[in-house]
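Participant: Residue numbers (full-length UniProt numbering), protein chains in the order written: chain P, 1 to 222; chain L, 1 to 229.
The set of hints was computed from the structure by calculation and includes no laboratory data. A hint or two may mislead.
With the Cβ distance kept under 8 angstroms, some of the chain P side facing chain L (calculated, not the full set) [to be verified]: (1) Ile53; (2) Lys56; (3) Lys65; (4) Glu69; (5) Tyr76; (6) Tyr93; (7) Asp103; (8) Tyr104; (9) Glu133.
Pairs of lysine to any residue, SDA-like flavour, derived with a Cα cap of 20 angstroms [to be verified]: (10) P:Lys27 to P:Pro45; (11) P:Lys27 to P:Lys107; (12) L:Lys106 to P:Glu5; (13) P:Lys107 to L:Leu69.
Virtual Cβ for every residue (Gly too), placed ideally from N, Cα, C.
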Amino acid sequence: MAEDEVILLGFWASVFGIRPRIALEEKEVKYEYREELLVGNNKSPLLLQMNPIHKKIPVLIHNGKPICESLIEVEYIDEMWKDKALLLPSDPYERAQARFWADYIDKKLYDPAKKIHITKDDELEAAEKDLIEVLKMLEGVLGDKTYFGGDNFGYLDIALIGFYGWFPTYQTYFNFSIEAECPKIVGWGNRCMQRDSVAKTLPDQRKILELPKLIRQRLGIE
Amino acid sequence: MATKGVKLLGVWASGYVNRVEMALKTKSITYEFIQDNLFYKSELLLKANPVYKKVPILFHDEKPICESLVILQYIDEAWSNGPCILPSDPYDRAIARFWASYVDQKWFPLVLDLLNTEGKTEKAALLEKMSEASVLLEEAFIKISKGKSFFGGDRIGHLDIVLGSTLGWVKANEIMNEMKILDERKMPSLAEWDERFCSDKVLKDIIQQPEKLVETFREFREIKKAASN
Numbered sequence: 001m002a003e004d005e006v007i008l009l010g011f012w013a014s015v016f017g018i019r020p021r022i023a024l025e026e027k028e029v030k031y032e033y034r035e036e037l038l039v040g041n042n043k044s045p046l047l048l049q050m051n052p053i054h055k056k057i058p059v060l061i062h063n064g065k066p067i068c069e070s071l072i073e074v075e076y077i078d079e080m081w082k083d084k085a086l087l088l089p090s091d092p093y094e095r096a097q098a099r100f101w102a103d104y105i106d107k108k109l110y111d112p113a114k115k116i117h118i119t120k121d122d123e124l125e126a127a128e129k130d131l132i133e134v135l136k137m138l139e140g141v142l143g144d145k146t147y148f149g150g151d152n153f154g155y156l157d158i159a160l161i162g163f164y165g166w167f168p169t170y171q172t173y174f175n176f177s178i179e180a181e182c183p184k185i186v187g188w189g190n191r192c193m194q195r196d197s198v199a200k201t202l203p204d205q206r207k208i209l210e211l212p213k214l215i216r217q218r219l220g221i222e
Numbered sequence: 001m002a003t004k005g006v007k008l009l010g011v012w013a014s015g016y017v018n019r020v021e022m023a024l025k026t027k028s029i030t031y032e033f034i035q036d037n038l039f040y041k042s043e044l045l046l047k048a049n050p051v052y053k054k055v056p057i058l059f060h061d062e063k064p065i066c067e068s069l070v071i072l073q074y075i076d077e078a079w080s081n082g083p084c085i086l087p088s089d090p091y092d093r094a095i096a097r098f099w100a101s102y103v104d105q106k107w108f109p110l111v112l113d114l115l116n117t118e119g120k121t122e123k124a125a126l127l128e129k130m131s132e133a134s135v136l137l138e139e140a141f142i143k144i145s146k147g148k149s150f151f152g153g154d155r156i157g158h159l160d161i162v163l164g165s166t167l168g169w170v171k172a173n174e175i176m177n178e179m180k181i182l183d184e185r186k187m188p189s190l191a192e193w194d195e196r197f198c199s200d201k202v203l204k205d206i207i208q209q210p211e212k213l214v215e216t217f218r219e220f221r222e223i224k225k226a227a228s229n
């Protein structure tokens, strides 16, 4: 049987790029990861060819065919490699809940998480408040479960974990502790870090701490 | 699968609500439509969707499901005996989901923004963006349908319903602005698809009538104006 060719175009610090990567790791699928140089408009010809509509990472390329949008990629990976580590629950209502909350993360968490790094004063304060509000909502969804998926690490855990990778930057740069406000989320993140798929793919803490300085320098924010 | 206890909370004029109805009809699911109020949100709505406080909300055996694209996939998965709305092949499913997301993130917001845009320059800018988006949708249709009648192939599928539920407001805009958005000269395949979709036996009774939407929109605007005076 011919070997599957799986290529993933990503960016090491991206909260979205990590999602299909973790899914592939969980499924123990062999893949080639290619880092895109997202700084300074240096997107590769392959990226532009495979995602002409949005020109964004991540892009999953399976036997030459591109799949775009991180959550769509995670579902695709779950459906293609169904013999191992099912990521979405099997019950339709549970699946709907997982999709609803993953979509909520994309709609409500990304903006304040990004804004914190590119604003100051009142705007920064508002972004911090929004971020905590959203994380508290997600804490409610997690409850006392081990993972968002219950006993099983899954789709919703994968949707959120990339953001956990950025938590150290809030403490270091903005003196703003996620742990103090949302201890359950941090506890959950720490548990996820025990998994190979997450430990292997979450951005190096030292590297990520360098990014906010660079971002703010580039934008001329003090 | 039991079809009792299926309720849809919505407003007639919403394209997002309309698409849930289309999915329910396609799967021959009996349901009760609960009309919510356009001007204030009911207790039921606020309780069932505290996160967004919006329709549509599907209730299945009292359990609420929110967000139209989530609802559509739920309908397909919870009623698995009938015809499938999403394609069976994982790659085709990913493509359908991608374009459904495109409709909701890029296409439909432009359509709805146009309703509330007054100035000539602003309108022109929006129409330019809509023109670009519709070219992409035309290309997507040709690629995905592979010569068949619908995005879903021989039968109406997920992407047909997602895009099809925006047609009411597209045409309402066409009437109010006296111009063509889905121009058969620029997008002949989509224009033909539009005709086939809107004359589908199962769906034609629930497809939003553009003239009625125009009427509703004008009434709504008058009431809003009066309320703010």
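Participant: Taking the hints in turn, state whether each one holds.
Facilitator: Now the hints, each set against the structure:
1. Ile53: Check passed: Cβ of Ile53 of chain P comes within 7 angstroms of chain L, closer than 8 angstroms.
2. Lys56: violated, 12 angstroms
3. Lys65: Lys65 of chain P check passes; min Cβ-Cβ to chain L is 6 angstroms, inside 8 angstroms.
4. Glu69: Interface hint status for Glu69 of chain P: holds (6 angstroms vs cutoff 8 angstroms).
5. Tyr76: Holds: closest Cβ of chain L sits about 4 angstroms from Tyr76 of chain P, inside 8 angstroms.
6. Tyr93: Where the cut-off is 8 angstroms and the nearest Cβ of chain L is about 6 angstroms from Tyr93 of chain P, the hint holds.
7. Asp103: holds, 6 angstroms
8. Tyr104: holds, 6 angstroms
9. Glu133: At about 11 angstroms, which exceeds the 8 angstroms cut-off, the nearest Cβ of chain L leaves the hint on Glu133 of chain P violated.
10. P:Lys27 to P:Pro45: At roughly 29 angstroms apart (the allowed maximum being 20 angstroms), Pro45 of chain P and Lys27 of chain P break the hint.
11. P:Lys27 to P:Lys107: Violated, at about 27 angstroms.
12. L:Lys106 to P:Glu5: This hinted pair is violated, its Cα atoms lying about 31 angstroms apart.
13. P:Lys107 to L:Leu69: holds, 14 angstroms
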